[in-house]
Amino acid sequence: MDKTKKICFVCNINESKYKCPICTQPYCSLVCYKKHKETPCEKPAPIPEPEITVPPIEPVPDYLKEESVALLNQEQLDRIAQSGAIKDMLKNEGLRRLIKLIDSSENPEYLLDKARTDNQLFVEFSEEILAIIERDPGLTGREQVLEAMGMGPKA
1 MDKTKKICFV CNINESKYKC PICTQPYCSL VCYKKHKETP CEKPAPIPEP EITVPPIEPV
61 PDYLKEESVA LLNQEQLDRI AQSGAIKDML KNEGLRRLIK LIDSSENPEY LLDKARTDNQ
121 LFVEFSEEIL AIIERDPGLT GREQVLEAMG MGPKA
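Per the UniProt record's numbering, residue 1 is the first one in the sequence shown, and the count goes up by one each step.
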């Protein structure tokens, strides 16, 4: 017999086809329903939802307190959000997954360092972000990084 099929709780013989609208007990026929209704039934007590404990907000890490340069202002964030190069790079599903992985990691510094050495697209993305923060209109992020390293022409 199929385990998902329920047996009538009144006669305990037949497969149930119906449920009592009040107590939701299964029954098989009008005869069993009438017999069930001879004694009053009640709505089952709701199953309490498990309590969700929210961990306390963690304090700001010391490295962010000490280095205010690590925080971006609204103008820098707006320039990043408006960058066509950044938008194009973020079309890459692999890059988006990598960023999410780094962001949600227990050890983001390790993954960030690994991505900087192992993933050329992430390197280009990082360079573009860094260049946008100190944006020189007319130069791409790569050009600005190369110029800062003394490897590109100054215009």
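In short, the hints are calculated from the structure, not lab data.
On a predicted model such as this, the values are computed, not experimentally measured, just so you know.
Any given hint could be a false lead.
Distance windows between CB atoms, simulated [as the list claims (entries may be wrong)]:
1) Ile22 <-> Ile86: 55 to 61 Å
2) Asn92 <-> Leu130: 51 to 57 Å
3) Lys19 <-> Asp113: 23 to 29 Å
4) Pro108 <-> Asn73: 17 to 23 Å
5) Arg79 <-> Leu101: 54 to 60 Å
6) Leu101 <-> Glu75: 26 to 32 Å
7) Arg97 <-> Gln76: 22 to 28 Å
8) Asp103 <-> Glu75: 19 to 25 Å
9) Lys35 <-> Lys5: 16 to 22 Å
10) Asp113 <-> Arg79: 44 to 50 Å
11) Pro48 <-> Asn73: 45 to 51 Å
12) Arg97 <-> Tyr33: 51 to 57 Å
The list that follows gives simulated cross-link-like pairs (lysine-lysine, BS3-like), each with its CA atoms no further than 25 Å apart [what the hints assert, rightly or not]:
13) Lys19 <-> Lys5
14) Lys43 <-> Lys5
15) Lys100 <-> Lys114
16) Lys34 <-> Lys6
17) Lys17 <-> Lys34
18) Lys34 <-> Lys19
19) Lys5 <-> Lys17
20) Lys87 <-> Lys114
21) Lys35 <-> Lys5
22) Lys35 <-> Lys17
23) Lys6 <-> Lys43
24) Lys87 <-> Lys100
25) Lys17 <-> Lys37
26) Lys17 <-> Lys6
27) Lys19 <-> Lys6
28) Lys87 <-> Lys43
29) Lys37 <-> Lys19
30) Lys19 <-> Lys43
31) Lys37 <-> Lys5
32) Lys43 <-> Lys17
33) Lys34 <-> Lys5
34) Lys91 <-> Lys43
35) Lys19 <-> Lys35
36) Lys91 <-> Lys114
For each residue, glycine too, the CB sits at the ideal point set by N, CA and C.
Straight-line alpha-carbon gap Lys91 to Lys43, limit 25 Å: Not satisfied, since the Cα-Cα distance of roughly 53 Å exceeds 25 Å.
25 Å limit on alpha-carbon distance, applied to hinted pair Lys5 and Lys17: Holds - the C-alpha atoms of Lys17 and Lys5 are around 9 Å apart, at most 25 Å.
Status of the given 16 to 22 Å range, CB of Lys5 versus CB of Lys35: 21 Å, holds
Distance restraint between Lys35 and Lys17, which requires alpha-carbon spacing of 25 Å or less: 16 Å, holds
Straight-line alpha-carbon gap Lys37 to Lys19, limit 25 Å: 12 Å, holds
Cβ separation of Lys19 and Asp113, checked against the hinted range 23 to 29 Å: 59 Å, violated
Verdict for Asp113, Arg79 (Cβ pair) under range 44 to 50 Å: 26 Å, violated
25 Å limit on alpha-carbon distance, applied to hinted pair Lys19 and Lys35: Cα-Cα ~14 Å, so holds.
Status of the given 17 to 23 Å range, CB of Asn73 versus CB of Pro108: At 22 Å between Cβs, range holds.
Range hint 19 to 25 Å (beta carbons of Asp103 and Glu75) holds or violated: 22 Å Cβ-Cβ, so the 19 to 25 Å window holds.
Holds or violated: Lys43 to Lys5, with C-alpha atoms at most 25 Å apart: 22 Å, holds
Proposed proximity, Lys6 with Lys34 (alpha carbon, max 25 Å): Cα-Cα ~19 Å, so holds.
When the structure is compared with the earlier hints, violations turn up for hints 2, 3, 5, 10, 28 and 34 and for no others.
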